[in-house]
Amino acid sequence: MNYLIDIFLISLSAAIINNFIFYYFVGCCPFIGVSRRVDMAFGMGCAVTFVITIAAFLSWGITTMVLMPGAPLSSFIAGFFVSKESAATVDLIALSYIVYIFAIAFSVQFVEMYMRKFFPALYKSFGVFLPLITTNCAILFACLTIMSNVAGVENPADAWDLGRSLVFSFFGGVGFTIAIVIMAGIREELDLCDIPEPFKGAAITLIIGGIISLAFMGFTGVDSGIRNAITPVQEAAMLESVVPVQTAMVEPNLQQKIRGIND
Amino acid sequence: MADQPTASERFIQGILPENPVYRQLLGLCSTLAVTNGMKSAITMACSVAFVLICANVAISMIRDLLKPHLRIVVFTLIIAAFVTIADRVLAAYFYQMSKTLGPYIPLIIVNCIIICRCEVCASKQSVFIAASDALGQSLGFGLALSSIAVIREILGTGSLFGIHILPASWPDWVIMVLPPGAFITLGLLLGFVNWLAMRKSGGKI
Amino acid sequence: MNFIKDTNIGQAWLVILISVVFGMSLSGIQALLGPKIEENKLKETLEKVPVLVLGQKASDALAAKGESLKITSSTVSIDKNGIKKFYSLYRAEFKNGTTAGWVAKTGGQGYADKIELLLGMDAYAKSVTGVFVLEQKETPGLGNKIVEDDWRAQFNNKATETPFNVVKQGKGGVNMIEAISGATISSRSVTKLVNQAISDLKPRVTQMQTSDGKGDK
Numbered sequence: 024m025n026y027l028i029d030i031f032l033i034s035l036s037a038a039i040i041n042n043f044i045f046y047y048f049v050g051c052c053p054f055i056g057v058s059r060r061v062d063m064a065f066g067m068g069c070a071v072t073f074v075i076t077i078a079a080f081l082s083w084g085i086t087t088m089v090l091m092p093g094a095p096l097s098s099f100i101a102g103f104f105v106s107k108e109s110a111a112t113v114d115l116i117a118l119s120y121i122v123y124i125f126a127i128a129f130s131v132q133f134v135e136m137y138m139r140k141f142f143p144a145l146y147k148s149f150g151v152f153l154p155l156i157t158t159n160c161a162i163l164f165a166c167l168t169i170m171s172n173v174a175g176v177e178n179p180a181d182a183w184d185l186g187r188s189l190v191f192s193f194f195g196g197v198g199f200t201i202a203i204v205i206m207a208g209i210r211e212e213l214d215l216c217d218i219p220e221p222f223k224g225a226a227i228t229l230i231i232g233g234i235i236s237l238a239f240m241g242f243t244g245v246d247s248g249i250r251n252a253i254t255p256v257q258e259a260a261m262l263e264s265v266v267p268v269q270t271a272m273v274e275p276n277l278q279q280k281i282r283g284i285n286d
Numbered sequence: 042m043a044d045q046p047t048a049s050e051r052f053i054q055g056i057l058p059e060n061p062v063y064r065q066l067l068g069l070c071s072t073l074a075v076t077n078g079m080k081s082a083i084t085m086a087c088s089v090a091f092v093l094i095c096a097n098v099a100i101s102m103i104r105d106l107l108k109p110h111l112r113i114v115v116f117t118l119i120i121a122a123f124v125t126i127a128d129r130v131l132a133a134y135f136y137q138m139s140k141t142l143g144p145y146i147p148l149i150i151v152n153c154i155i156i157c158r159c160e161v162c163a164s165k166q167s168v169f170i171a172a173s174d175a176l177g178q179s180l181g182f183g184l185a186l187s188s189i190a191v192i193r194e195i196l197g198t199g200s201l202f203g204i205h206i207l208p209a210s211w212p213d214w215v216i217m218v219l220p221p222g223a224f225i226t227l228g229l230l231l232g233f234v235n236w237l238a239m240r241k242s243g244g245k246i
Numbered sequence: 003m004n005f006i007k008d009t010n011i012g013q014a015w016l017v018i019l020i021s022v023v024f025g026m027s028l029s030g031i032q033a034l035l036g037p038k039i040e041e042n043k044l045k046e047t048l049e050k051v052p053v054l055v056l057g058q059k060a061s062d063a064l065a066a067k068g069e070s071l072k073i074t075s076s077t078v079s080i081d082k083n084g085i086k087k088f089y090s091l092y093r094a095e096f097k098n099g100t101t102a103g104w105v106a107k108t109g110g111q112g113y114a115d116k117i118e119l120l121l122g123m124d125a126y127a128k129s130v131t132g133v134f135v136l137e138q139k140e141t142p143g144l145g146n147k148i149v150e151d152d153w154r155a156q157f158n159n160k161a162t163e164t165p166f167n168v169v170k171q172g173k174g175g176v177n178m179i180e181a182i183s184g185a186t187i188s189s190r191s192v193t194k195l196v197n198q199a200i201s202d203l204k205p206r207v208t209q210m211q212t213s214d215g216k217g218d219k
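Residue numbers (this note's numbering), protein chains in the order written: chain Z, 24 to 286; chain C, 42 to 246; chain D, 3 to 219.
Please note: incorrect hints may appear among the correct ones.
[To be verified] Label-pair restraints from in silico Cβ distances:
id	chain 1	residue 1	chain 2	residue 2	range
1	D	D152	Z	M88	44 to 52 Å
2	C	S242	Z	D62	33 to 41 Å
3	C	F169	Z	E211	46 to 54 Å
4	C	A209	Z	Q132	55 to 63 Å
5	Z	L145	C	G203	49 to 57 Å
6	Z	F141	C	G203	53 to 61 Å
If you are wondering where the hints come from, they were derived from the structure by calculation, not from laboratory data. Keep in mind the model is a prediction, meaning the values are calculated, not measured. Idealized CB from N, CA, C, for every residue including glycine.
With the rest of the complex left out, here is chain Z:
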């Protein structure tokens, strides 16, 4: 139950509350240069969502298995060259950025091949924009967030599992789609407006983006509010049982560890 609540709040946060474009600013370039047609924008958003999910899957897998300090696969391979103890401390996290960008390039290639086979008309209408998704900040940002929630947390119990990572990325892509579809719709209307010459194009898009971002700020605190509304019922029940449960569950070698440090 806790897991589902977590997943729900992560998805809500990624899609709307901390929207990739309106809060984190990633994915701005296609947002500003987006076409004036809603259907093209929607297609772009779907492609980005597709790529971001695959890239997240790859980066979570590689981070957990290969890059993390003490990751299973790299320890196993290092075990052939050095002793078991030093193999367990192998830390490839410095290579993570390079690995992520290649994972993203691979995902984009994969989506390109898939689209060329199953949606040839859409593929043609995308033209040069599809390979350009590789330089979309949103995808790398999703991978970096997953990395900081897997390798950058202090205790391993808080590390994100595959479900949370995929949900975060997928709904981040959904939020991106929502943002550019809104923008495309507004730009369709802008053609009928009398905009001053210097502001036509990117400038007015940015100002409108600012106003939409202001509107999205209204969602701040929704996730913490939902979390607080759902958890107190469990909290009251748990606090009563803290004292008796705690002393029984003391980790047996923790006392020794503490004594060891003090000496």
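Using the hints, position chains C and D against chain Z.
Chains C and D only, in chain Z's frame:
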């Protein structure tokens, strides 16, 4: 080859006429995210300058060895490596700033400015020209970031570089240091720069 | 020789060479700077411990004398109905071995995003000696004010017997924390985190303190 710009032309062009943010509209993610304070803006500008200059020089040195269909891969690899170096150095010596900038330093890898410069200049011209192009573009980028950051920080917190400038009676326009302020400031400044460019070139307002 | 050039390796030799060169240099950089970065992370917490446990004046006096507290860290795991929660607990001792106090690192949901804070307690966790906010992403100008000294000082020297409560206006009452006007939820989140940490760690701290026999001053 004869009509390729010289080193000084590349340098001058990069600062204002081909400013990466205001004229080419590249690297907007970083621009919007780090300009809520002058310190962050300067740090980001320096990091981008480091990566841009190193990547341009490196790619220019190996430009004859690049295969056409693999060049993007090579560019990305080199840029990612230099960004990792910049990120680690920041985390080691400027830890607080590294934490403030957060994921935006690694996002320099997909900053369109660097890939664009490598593609347009470094892969075609000599090391010296590539380096001066990188220098010019970095200066332009720094100028753009500072112009936005000055406005956002003064209006939003009444201070610059953390030092209070405006009198204490100034009610902080908190919105300026939040995302909407970033979008609107950049939009207004972009309109202003466009207006200046139009006046200069067309004489029409 | 020509057929080698046509194979994939022949085409991609530059990519492979660059990968190897940069891979090795990055590992070198990591080996060189990694320890410094770890040290930075640890220092961030450890340098707050004296102020949290002793208060600003006493810790300044200690530093002026050229002395420092010995800090030992441990990880405490609390099990509540099957859900494990981890705390980083730091014990600060004077040179003569008596415990100066404890600092716990805790985190949880704030109004906008996660809040991470350090909670300072005296040797037997009978009173709170200080609260410090490590990380927060609350609304600037409103929820942001939880980092200010004045607001955090409300927690100082308060007994841990009764949990803290947030009131919207006016002080008075045992363990009543006045909320920041316009940022009630941020104030409540911090207070809740403090209460949680105290209730989770107090039995453990008391146990560790009495069993080790290192009494307080």
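Hint check, failures only = Going through the list in order, the structure violates no hint and respects every one.
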